[in-house]
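*Asks:* Here is how the chains run, residue by residue.
Number of protein chains: 2
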Amino acid sequence: MISKAIESDKEQITYITARTGVFSQEEIETVPILFDEYLEYGADNDAYKFIVYRDGDKVLGFACYGIRDLADGVYDLFWIAVDPGVHQKGVGRALINATEAAVRELGGRIIIAETSGPTEYESTRKFYVKVGFVNEATIKDFYRSGDDLKIFTKRI
Amino acid sequence: MISKAIESDKEQITYITARTGVFSQEEIETVPILFDEYLEYGADNDAYKFIVYRDGDKVLGFACYGIRDLADGVYDLFWIAVDPGVHQKGVGRALINATEAAVRELGGRIIIAETSGPTEYESTRKFYVKVGFVNEATIKDFYRSGDDLKIFTKRI
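If you read the sequences in order, they're chains A and B.
Each residue of the first sequence is one higher than the one before, starting from 1 at the first, in the working numbering.
Each residue of the second sequence is one higher than the one before, starting from 1 at the first, in the working numbering.
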């Protein structure tokens, strides 16, 4: 059910991002921009790779990851989002598993997921821990005063 | 003695980066690429700003900084390098002071400098501490096994 994203997924991916309720307007607007770069450079580019969890024509969730410059085998998980209507059904875990498998195949050693400190991200942080990530580093007040950058990592 | 970098500084900036002896070939090759983006987008773009410490026609050091996406008032200090022939003469500190002043004027709150764990970067890490940065976070084995990412921050 997981496959590389295709052009016609763009609208559903953007819609899911908005529907999660945890991303800022600026963050939501970033997704279609990255998706256009992904389409432009092709699915084999290392900068942005989009995968989707598909049920028939419906996209239930997506992940976007890419290689970190100037490091050896480090991949950023830029986005993972699941339609709020299908939470707790294993879509997120399946997307993480597929990302890990792909990163491992590319020779990756570490996946990094950056998230935020406030309460509305608590379920995101719990999810990362559940699928084996560790909150390895924190930058206080990064996003704004009272809103820390939480860097989660997973060795694969 | 500190001013915005101009096109003719490119060669000296690249040369200084190579001469420091601490950057990898890949990192050295990144500098002229960023410098070209800086020239292309103009000195007022927020992504990459280059400043130089100039003594007559000679560039003694440079810094490159830019705004971090999706955060409020966070600037990355991507590069700071001083010609090894003029170390300990205050060039680095002057570049940091100028960067801070510029970032403050742009409404910045935090400057982030990412560096590496191994011994050859020890003088870099000591320099950051001397000019008021703190090693706020570390990602183990980031660059490669045994080579950590050290994230230094300074609140301004």
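Please keep in mind that the hints were generated in silico from the structure rather than gathered at the bench.
Misleading hints may appear alongside valid ones.
Because identical chains share one entry, a pair is satisfied inside a single copy or across any pair of copies.
[Claimed, not checked] Here are the simulated DSSO-like cross-link-like pairs (lysine-lysine), alpha carbons at most 27 angstroms apart as the crow flies:
1. Lys140 to Lys10
2. Lys150 to Lys126
3. Lys150 to Lys58
4. Lys150 to Lys89
5. Lys58 to Lys140
6. Lys58 to Lys10
7. Lys140 to Lys89
*Asks:* At most 27 angstroms between C-alpha atoms: does Lys140 with Lys10 qualify within a copy, between copies, both, or neither?
*Replies:* Intra 34 angstroms, inter 35 angstroms, cutoff 27 angstroms: neither.
*Asks:* Between the shortest in-copy and the shortest cross-copy C-alpha distance, which are at most 27 angstroms for Lys150 and Lys126: within, between, both, or neither?
*Replies:* The answer is both: 12 angstroms in one copy and 25 angstroms across copies each meet 27 angstroms.
*Asks:* When no copy is named, should Lys58 and Lys140 be tagged within, between, both, or neither for a Cα gap of at most 27 angstroms?
*Replies:* neither (39 angstroms within a copy, 39 angstroms between copies)
*Asks:* Pop the pair Lys58 and Lys10 into one bin, within, between, both or neither, using alpha-carbon distances up to 27 angstroms.
*Replies:* within (12 angstroms within a copy, 51 angstroms between copies)
*Asks:* Pop the pair Lys150 and Lys58 into one bin, within, between, both or neither, using alpha-carbon distances up to 27 angstroms.
*Replies:* neither (31 angstroms within a copy, 42 angstroms between copies)
*Asks:* Is the C-alpha distance from Lys140 to Lys89 at most 27 angstroms within one copy, between copies, in both cases, or in neither?
*Replies:* Intra 33 angstroms, inter 33 angstroms, cutoff 27 angstroms: neither.
*Asks:* Given identical chains, is Lys150 near Lys89, meaning Cα to Cα at most 27 angstroms, within a copy, between copies, both, or neither?
*Replies:* For Lys150 and Lys89, the Cα distance is within 27 angstroms only inside one copy (25 angstroms; across copies 37 angstroms).
Taken one by one, the earlier hints fail for this structure at numbers 1, 3, 5, 7, listed in ascending order.
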